[in-house]
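Asks: Which chain is which? The protein sequence lines are U and Y, in order.
Under our numbering, the first sequence has 664 at position 255, and the numbering climbs by one with no breaks.
Under our numbering, the second sequence has 141 at position 32, and the numbering climbs by one with no breaks.
Calculated from the structure, these hints are not laboratory results.
A portion of the hints provided could be inaccurate.
These stretches of chain U come out as covered by chain Y in the derived footprint (C-beta under 8 Å, 3 or more residues) [stated by the list, open to error]:
(1) 419-428
(2) 543-552
(3) 575-588
Keeping only pairs whose Cα atoms sit at most 30 Å apart, straight-line, the calculated DSS-like set for lysine-lysine is [as the list claims (entries may be wrong)]:
(4) K196(Y) with K430(U)
(5) K425(U) with K463(Y)
(6) K202(Y) with K425(U)
(7) K658(U) with K136(Y)
(8) K242(Y) with K157(Y)
(9) K463(Y) with K504(Y)
(10) K415(U) with K124(Y)
(11) K661(U) with K334(Y)
(12) K196(Y) with K658(U)
(13) K422(Y) with K463(Y)
(14) K430(U) with K422(Y)
(15) K658(U) with K504(Y)
(16) K252(Y) with K425(U)
(17) K661(U) with K136(Y)
(18) K165(Y) with K415(U)
(19) K430(U) with K202(Y)
(20) K124(Y) with K658(U)
(21) K334(Y) with K437(U)
(22) K492(Y) with K297(Y)
(23) K387(Y) with K413(Y)
(24) K437(U) with K259(Y)
(25) K492(Y) with K413(Y)
(26) K242(Y) with K202(Y)
Quick reminder that beta carbons are idealized off the backbone N, C-alpha and C, glycines included.
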Amino acid sequence: MIGQIKELYNFRELLKNLVIKELKLRYKRSALGFLWTMLNPLMMMIILTIVFSHIMRFDMKNFAIFLLCGLLPWNYFSHSLSMSTMSLISNANLINKVYIPKAIFPLSIIFSNMVNMILSLIPLFVLMIFMGIEIQPSVMLIPILLLNLILFTAGISLFLSCLNVFFRDFTHMIEIIVTAWFYLTPIIYPTDMIPAKYEMLFKLNPLVYIIGGFREVIFYGRIPDFLFIIISVLASLFSFAIGYLYFYKNEKQIIYYI
Amino acid sequence: MSDNLAVSINNISVKYKLFHERALTLKETVINLLRGKKDKFEYLWALKEISMAIRKGETVGIIGQNGSGKSTLLKVIAKILQPSEGKIQYNGKLSAMIELGSGFNPELTGEENIYLNGAILGLSKRDIRQRFKEIIEFAELEKFIDIPIKNYSSGMYMRLGFALSTAVNPDILIIDEILAVGDESFQKKCFKKLDEFKERGKTIIIVSHDLNSIESICGRAFLIKEGRLAADGPPTEIINLYRQSISPLLPALSEIVQETKSEGDTSNRLGSGEVRIKEVRFYNSSGVETDLFNTGDNLVVRIKYLASKRIDKPVFGVAIHSENGIHINGPNTKFSGFDIDFIEGDGVLEYIIKSLPLMKGNYYLTTAIFDYTCTHPYDYWEKCCQFNVSNVNIKERYGIFYIPSEWKRI
């Protein structure tokens, strides 16, 4: 296992290049280029804000900011999942022709999406200043939350990318699971809206902590309590360990199935 | 592993699971599981117990028929495929050219692709920057380096691929069949680059069907047959062995012809008929059709054929027999390295003898069209026509062959 990590480290140049490629291709030949990273969540936010505060009459102060705090990390998570599920299969040609540690492909997606995610935090803060919301010192915790989010997403992504080589219909299932997960996680609604009898069930959802943390530090401006942080760190480590182990146990079989 | 070895291959075997019925989706797997049905498969040994020791600075060729396992072997050496059993050890950096430009992304420019693919081949950004000029010079792409490579011609694409693979400056270079592509000047350039590599004491491993280049480049050859190492030795010897192992099929064929004849059938022709030889005519040096020649004349055989569908990589062959049945020669386009990509519809092929070395007599010409493995005849027309040679130009009288020679008193 040490050898594998060392090998990945030796290929860091490739990882960097693949991340750059992902970013370049995403914005190639689009007039607005990188601006899309910031425009996309803003548009989404505008739509959801109109729907929730004007049509569904959801009464909450600064609902737009509330929404963005959950939506940005969620977008990162769901985009990474659906893209990395296909990452090995869409690079089959390369895998058959050159030796590359295969984890590079899902990981390049994890990192390129992270660049997007960080860029999209910029308009969030601009919006907050614009709306006169004070930015609290608790935002200093964002790097830790990001690291946590990366680990959690990477674990699931490694697992799914490998599994999808063996069972090709997994892509379709992912879409359904991700949609359900979106509504089961307090992203478009606050945690206190969850009925008391389901509260325990919601507490089992790791995304409540991993994504919820962003809302705590940015929107509410408070530092989450210790247990909250411990659970989210443990969930991420667990996810990463499972994904990583599964991937390396099956890595050598990939070439025969791809 | 001793220090003077570049690659040491120890008893490797590769087995594939050959699925007859395989559940490709989770849904099928679950249904099969519920029904108690298991995936049907058998194991196929693509390679069996192969051991090789390739010394540093050696250039070796791996030859064998299609499906013999030589490409699998190359993939194993290139670390793409993990052997099921056995072990490989390396001394030095490895670079493989299994397919030129396989990592190219059509949307990216030439320059961006150089950086991306350099990284795929294990180069750092600094390495690439240092060799950047050398790469685009070799690929002759100075003017096109900043346009997306989807706009490149296939030649430009290949040049860039080759330039990149060699820029890695590996200690061990692995090449699969790729030298067969590209025009002549590009091939020359590639061979020159390979010579440079050899001079610098690098190890080169080549898989190719092009026996002539194997013979000229390699210092040693391996013959792979049905997944096993059949022979190892000097290229000329191994290539002869290989040719012998595939050529017995030709005499066997003429035996079939004999058999059909003995059954009272006068046909001297057989084959599956996708390509038919329409007519075979002889022409002299001034382009006049004739079947009378003199020793030393030019002789042109013009073969008209009709391919009813597209045939990839056909092999045309002729044979000359003397009147009393001596087999004089039997060249074909494959032996001569004159590869034909494909044929379709009507066409004409010429076989040209520059200076006919035959003595006075009647000779028969046999013409045939085979597939690339030379095992499947499309049309095999034995002794389809004859020509006559008289020796008015020379004074020799005996034998069937005129060999230009001289005498000297010492």
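Asks: All hints are to be evaluated individually against the structure, with a verdict given for each.
Replies: Evaluation of the provided hints:
Against chain Y, the stretch 419-428 of chain U contributes 7 residues with a C-beta closer than 8 Å to a partner C-beta. That satisfies the three-residue criterion, and the hint holds. Here the stretch 543-552 of chain U counts 0 residues with a CB under 8 Å from a CB of chain Y, which misses the bar of 3, and the coverage is violated. Under a criterion of three residues with beta carbons nearer than 8 Å to beta carbons of chain Y, the stated coverage of the stretch 575-588 of chain U is upheld, 5 such residues being counted. A distance of roughly 35 Å separates the Cα atoms of K196(Y) and K430(U); the hinted pair therefore is violated under the 30 Å criterion.
For the suggested pair K425(U) and K463(Y), the alpha carbons sit about 60 Å apart, so the restraint of at most 30 Å is broken. This hinted pair checks out: K202(Y) and K425(U) have alpha carbons roughly 21 Å apart, not beyond 30 Å. The suggested pairing of K658(U) with K136(Y) holds, with an alpha-carbon distance near 23 Å, which does not exceed 30 Å. About 44 Å separates the Cα atoms of K242(Y) and K157(Y), which puts this hinted pair outside 30 Å; it is violated.
Between K463(Y) and K504(Y) the CA atoms are separated by roughly 20 Å; this keeps the pair inside 30 Å, and the hint holds. A C-alpha spacing of about 29 Å is found between K415(U) and K124(Y), which places the hinted pair at or below 30 Å, so the restraint holds. Distance restraint check for K661(U) and K334(Y): the Cα-Cα separation of roughly 26 Å lies within the 30 Å cut-off, and the hinted pair is therefore satisfied. With a C-alpha separation of about 19 Å, the suggested pairing of K196(Y) with K658(U) holds against the 30 Å cut-off.
Restraint check: the Cα-Cα separation between K422(Y) and K463(Y) comes to about 26 Å, which is no more than 30 Å; the hinted pair holds. With a C-alpha separation of about 38 Å, the suggested pair K430(U) and K422(Y) falls outside the 30 Å cut-off, and the hint is violated. A distance of roughly 80 Å separates the Cα atoms of K658(U) and K504(Y); the hinted pair therefore is violated under the 30 Å criterion. This hinted pair checks out: K252(Y) and K425(U) have alpha carbons roughly 27 Å apart, not beyond 30 Å.
Between K661(U) and K136(Y) the CA atoms are separated by roughly 24 Å; this keeps the pair inside 30 Å, and the hint holds. Note on K165(Y) and K415(U): the hinted pairing holds, with a Cα-Cα distance of about 27 Å set against a maximum of 30 Å. Distance check on the hinted pair: K430(U) and K202(Y) sit about 26 Å apart at the alpha-carbon level, within 30 Å; holds. Proximity of K124(Y) to K658(U) is assessed by CA-CA distance (about 19 Å); at most 30 Å being required, the pair is judged to hold.
The straight-line distance between the Cα atoms of K334(Y) and K437(U) is roughly 49 Å, outside the 30 Å bound, and the hint therefore fails. For a cut-off of 30 Å, the pair hint linking K492(Y) to K297(Y) is broken: about 39 Å separates their Cα positions. Taken as a hint, the K387(Y) and K413(Y) pair is honoured in the structure, with Cα atoms around 5 Å apart against an allowance of 30 Å. Between the alpha carbons of K437(U) and K259(Y) the distance comes to roughly 14 Å, so the proposed pair stays at or under 30 Å and holds.
A hinted pair counts as satisfied when its Cα atoms are at most 30 Å apart, and K492(Y) with K413(Y) qualifies at roughly 16 Å. Proximity of K242(Y) to K202(Y) is assessed by CA-CA distance (about 22 Å); at most 30 Å being required, the pair is judged to hold.
In the structure shown, a violation is registered for the earlier hints numbered 2, 4, 5, 8, 14, 15, 21 and 22, in ascending order.
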